[in-house]
Amino acid sequence: MGCVQSFRELCDRPKNTNVRISLPAVCIVWQTAMIILFGIFIRYDDDSDPHWIDDRKKTNKSDMENEFYFRYPSFQDVHVMIFVGFGFLMTFLKRYSFGAVGFNFLIAAFGLQWALLMQGWFGSLGPDGKIKIGVESLINADFCVASCLIAYGAVLGKVSAVQLMVMTLFGITLFAVEEHIIIHIIHAKDAGGSMVIHTFGAYYGLSISWMLYRPNLNQSSRLQCSVYHSDVFAMIGTLFLWMFWPSFNSAITDHGDGQHRAAINTYLALASTVLTTVAMSSLFQKHGKLDMVHIQNSTLAGGVAVGTAAEFMLMPYGSLIVGFCCGIISTLGYIYLTPFIEKYLKIQDTCGIHNLHAMPGVIGGIVGAITAAAATESVYGVEGLKETFDFVGDMSPTKQGGYQAAALCVAICFGVGGGILVGCVLRLPIWGDPADDSCFDDEHYWELPQDEESTQPVLQYNNHMRNKDVIETNFNMQQI
Amino acid sequence: MGCVQSFRELCDRPKNTNVRISLPAVCIVWQTAMIILFGIFIRYDDDSDPHWIDDRKKTNKSDMENEFYFRYPSFQDVHVMIFVGFGFLMTFLKRYSFGAVGFNFLIAAFGLQWALLMQGWFGSLGPDGKIKIGVESLINADFCVASCLIAYGAVLGKVSAVQLMVMTLFGITLFAVEEHIIIHIIHAKDAGGSMVIHTFGAYYGLSISWMLYRPNLNQSSRLQCSVYHSDVFAMIGTLFLWMFWPSFNSAITDHGDGQHRAAINTYLALASTVLTTVAMSSLFQKHGKLDMVHIQNSTLAGGVAVGTAAEFMLMPYGSLIVGFCCGIISTLGYIYLTPFIEKYLKIQDTCGIHNLHAMPGVIGGIVGAITAAAATESVYGVEGLKETFDFVGDMSPTKQGGYQAAALCVAICFGVGGGILVGCVLRLPIWGDPADDSCFDDEHYWELPQDEESTQPVLQYNNHMRNKDVIETNFNMQQI
Amino acid sequence: MGCVQSFRELCDRPKNTNVRISLPAVCIVWQTAMIILFGIFIRYDDDSDPHWIDDRKKTNKSDMENEFYFRYPSFQDVHVMIFVGFGFLMTFLKRYSFGAVGFNFLIAAFGLQWALLMQGWFGSLGPDGKIKIGVESLINADFCVASCLIAYGAVLGKVSAVQLMVMTLFGITLFAVEEHIIIHIIHAKDAGGSMVIHTFGAYYGLSISWMLYRPNLNQSSRLQCSVYHSDVFAMIGTLFLWMFWPSFNSAITDHGDGQHRAAINTYLALASTVLTTVAMSSLFQKHGKLDMVHIQNSTLAGGVAVGTAAEFMLMPYGSLIVGFCCGIISTLGYIYLTPFIEKYLKIQDTCGIHNLHAMPGVIGGIVGAITAAAATESVYGVEGLKETFDFVGDMSPTKQGGYQAAALCVAICFGVGGGILVGCVLRLPIWGDPADDSCFDDEHYWELPQDEESTQPVLQYNNHMRNKDVIETNFNMQQI
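Chains as they are written, first to last, in full-length UniProt numbering: chain S, 1 to 480; chain G, 1 to 480; chain B, 1 to 480.
Misleading hints may appear alongside valid ones.
Note that identical chains are pooled: a pair holds if it fits in a single copy or bridges any two copies.
Taking lysine to aspartate or glutamate and the EDC-like style, the derived pairs with C-alpha atoms no more than 20 Å apart in a straight line are [stated by the list, open to error]:
1) K130 to D46
2) K58 to E383
3) K15 to D436
4) K57 to E377
5) K386 to D54
6) K58 to D46
7) K57 to D291
8) K57 to D390
9) K343 to D63
None of these hints come from the bench; they were simulated from the model.
For reference, chain S alone in the conformation it holds in the complex (with noise of 0.2 Å):
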């Protein structure tokens, strides 16, 4: 700790929010290298290929057999989730919507294309070198991204454009290594992502946050809330985000029934959490009114923890009891956990996503796990408990159980100490993040339109002072 706080000491420079050099070069110059790496590496799969149509004609397939057709609307709805559902999510702060959903779109756009090669060399390297890429790539680099925007949201307001570039290099990076560790060396399953995704995201973002804390941030607090109307903006990704997730965590699950199934549970434990997270917010503020913070997010945690459960045969009422328990327990971090965890962790975590992604995540992984180690030959059939978990050689519901949980410890492990390790770059005071007093303010990244009145509070205040003086002035002199 004490070789941190030197070097903490040595990092607190006065801050310079010009990144006119340093954005526009790590873009041009990471997609450049996109495209050199693309040229080498990527190529389209059979079923994108034209050649595919004399396979089509050797085995007498319909048309409809092309992957396309199996996986593309689910594409298209986690597509959505990524950029309209992440991106408006975060939103909700007064004068941030502009870096909430503009970085996220950056953040997403590069980091999709990063994760396509790093999955493709972890994944799917053919024996040509290749890496052959179709709809399901595009799902799967849509779901690595996933894992860096919830780590957004934890340091949402408080960085710059270029950490969040770099946050999202090692992020899909470490993403990709941890994905192979968990999927095709330990043989876990995880479809929806719980512990892949969500875990590993979120303690990764939570990490860098505790590495970038700031101890003077109350010095934006008159920032770090809401207006009306940027409250309903967040309502947009919230409920594209809840009406998609049935497809995210059924999209690259296996064909027919498991896709089904997986669309199934979600929607179930999504309807069960929304219940409990009303419940709980009316029950803990004064008068029994709800607040957006809690509708905006904890309405989410059921998808979430269902994640790696989602394809098992969790059964109907099993998943609105884990959506039930997720609304609860995500809606009391809010109240409870947050403020705690940055008070005494020294964790500032702007979206709460240690309420909406660790917290259900861990559930997730846990369920997924239990659930797994419960499978039975007469729940699931002879084939289809093959087919379910892709049982080879001698393993069994137990055993599976067992890695499934071993699955859980990696993603946490790779999310806390990849995040150490990148909130330590980010601290060096070359990235052009804002000063204490600046956080959570677009102005310093983004040329604002002029509107004084609707979202320029302090100009606003003045205004009022001014009235106030004229009134103290007129008094003044009628005294006289």
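Since chain S is already given, all that's left is putting chains G and B on it; use the hints.
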């Protein structure tokens, strides 16, 4: 009516909007009940069960034959209509956007669970006493919920979340019975639910609103209007409803040409409605200006009105005619009928559901009856006629037309009767509904952000006044 | 030019924005005409006709082989782009959001009906004189409408709804002829419409804007800018266009690998564009701040530019290169070219469609020609080459490349020529367009809600002034 009158007096006690006990209690108890009932009754259907693979191998079917791939894209579109469409359509009020989108979210999430049970008990209870659910059940549950969200439109801003939960519980129950009678007993067809969903839902809501009539609602008239940005938010709802309506009307129709035709008919009817709505809106306003209320609502009337006949041979020009008439009728309804109904029938219809759902729903029922009665083998083909209408025994198109008309009556009766009964229950002074001068105000049910400038006109008004005082003071002094 | 000049003088009469007669008349008459023409010409195609079941049983096909299942998810994505994408992209102006989203809605709803007829007459008129429509017709109608919505971008805020209707009527007509020449006569390929839709639409709009040049438009410059929330609304449009562009470019390509490849190429090109847009936006603004105009628009240029070549073997790295270049060119266009074009060429381009559609569209046409000319059997396979390019007779890739280039010229000629002609018509002083100081203001065509605070800067400005007077008065008095 004397009884109703005395009951009304009984209910006139000071209002208390604190729902800190009742709302959490209702949510937790009902969600717990859902878990128990789901545990007893609900199971996966054949297409979402792991045993599906055995069936598939036996019959040498493609994975693509799973019902999931026929219905899932439509399901997701319907899902967006329910949560974003209905939710955002109602955000037009200047200070009730949280309640619109938030309570819509809550009652939809509850309603779909209850709908799965109710529709299962009436429709698909197996010999083992279990309800098997799949993607079509999810669509039907969303449909069922739609009727309650329509009803919400009539009482928007005037009821508490607890009342809405009660209204939804009974609404779903009534819906399931009504639907069972119409679809399974009368054997009427109603793909897009003009009768089952829209007519029922609208009259249910209007009857409740009649029972909850507030003579002094003008006390909150300052809040019963929109602001510029709230109207733009509402357009999000309008457009997602408008765009996805072809999916709504085709979601549960026959595979193949049935779904195809329903989508085309709805697409055309909606396009036609937009033009006549604009024409009427411009023609009946001074200076030919358009009214956002009409554009937000009446443009959707065509989709409601082709609901029943969408899968029939309505013909493309027939769809255009239906849309043409509904755009005119619905817009004129907003201009002339809504004020009339409020003044003389004592029905306060916040969103004008009478113009968007009731009238077009009834028209849709009639169009359906006529189109069914006019069906011939030369138009449909021998097989096509059987397939489209599911004819068994000695059924003929003429008979079918009569049954369709009977179904419309059933929908209206259930709506009006059920609404009056439920309205009685909701008049009990225990539900935490707001006082007359507190309607259309999120403040009583939501923790609101502090944004004086943009959304608290009253404060601003005082501020103006203060300036005026200052000026007057100055004048006075100058006179001295 | 002398003729144009005198015509201009003829048109300089006082403006009257009252469209109470003309707008309803146009809507009702044209919609009635649509009904009649649909009655005469439009019928369901084989896949949406009840006789389809006979065909299916005869050929032992699966229900899944219905064209509906190949195209419907893409259709819905395109539909969202047309209404929410284009509509919300244009809401960025502080006081023209109603007009942006509302008039977009109106002309799209009219345009798609007229497009079904026009495209049917040119493309699919059967031997019985009937046009058969199915889901692919709906997609093509939406595509056709897109070109008119692009043109709307150039004249946004400066024309009346009646002018837009006229512009759409002629635009759709010209489009259908141009498309027929390019696709059916020249046999060029243009899956995503870089030439057919974007190049034509953009030059059509720019030419009209040139004909409607307003020398004194700076009188309404106070309204030709955004406010904070209107920029966030515009991001909704941007993101839905960006996310669904892969569906746009793949919607009508060949089943199987064709759709698959088009989606992948578009996905990659768009991702690449985002990074170079951000780089340029930051590099050319002082302090390296990002400009929302670029993020909202230039990020989409890559999707336009891969439109033609999306279904070819552009290769993943090729898509990235196209996106890379277009992000740079489009952003620089906004910074340097738009002011130049306005000042020297007298073209006032409200949304900068020259940078988003015209230039990228032309690039797309060129990329398509090169990619087609470079096609080889070794890359596509023998069957694949035929299938991808629909080669008949002695066609070769080199010839195809030449035809593609010819097609690009046709699109530009139709755009410029058609735009000038239609611009002449729109200069007639009978359409209710606004005066120069009334542009970009919803007030003249919409009933506006009373929300002084948040969106009426002029009033607020007076208010400020009043305060200032008060202060000055006080000062005067204090001097006394």
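Results of checking the hints against the structure:
no. : hint        : result
1   : K130 to D46 : within (13 Å within a copy, 40 Å between copies)
2   : K58 to E383 : between (28 Å within a copy, 12 Å between copies)
3   : K15 to D436 : within (9 Å within a copy, 46 Å between copies)
4   : K57 to E377 : between (38 Å within a copy, 18 Å between copies)
5   : K386 to D54 : between (31 Å within a copy, 12 Å between copies)
6   : K58 to D46  : within (14 Å within a copy, 28 Å between copies)
7   : K57 to D291 : neither (59 Å within a copy, 51 Å between copies)
8   : K57 to D390 : between (29 Å within a copy, 17 Å between copies)
9   : K343 to D63 : neither (59 Å within a copy, 53 Å between copies)
Comparing the model with each numbered hint stated earlier shows that hints 7 and 9 do not hold.
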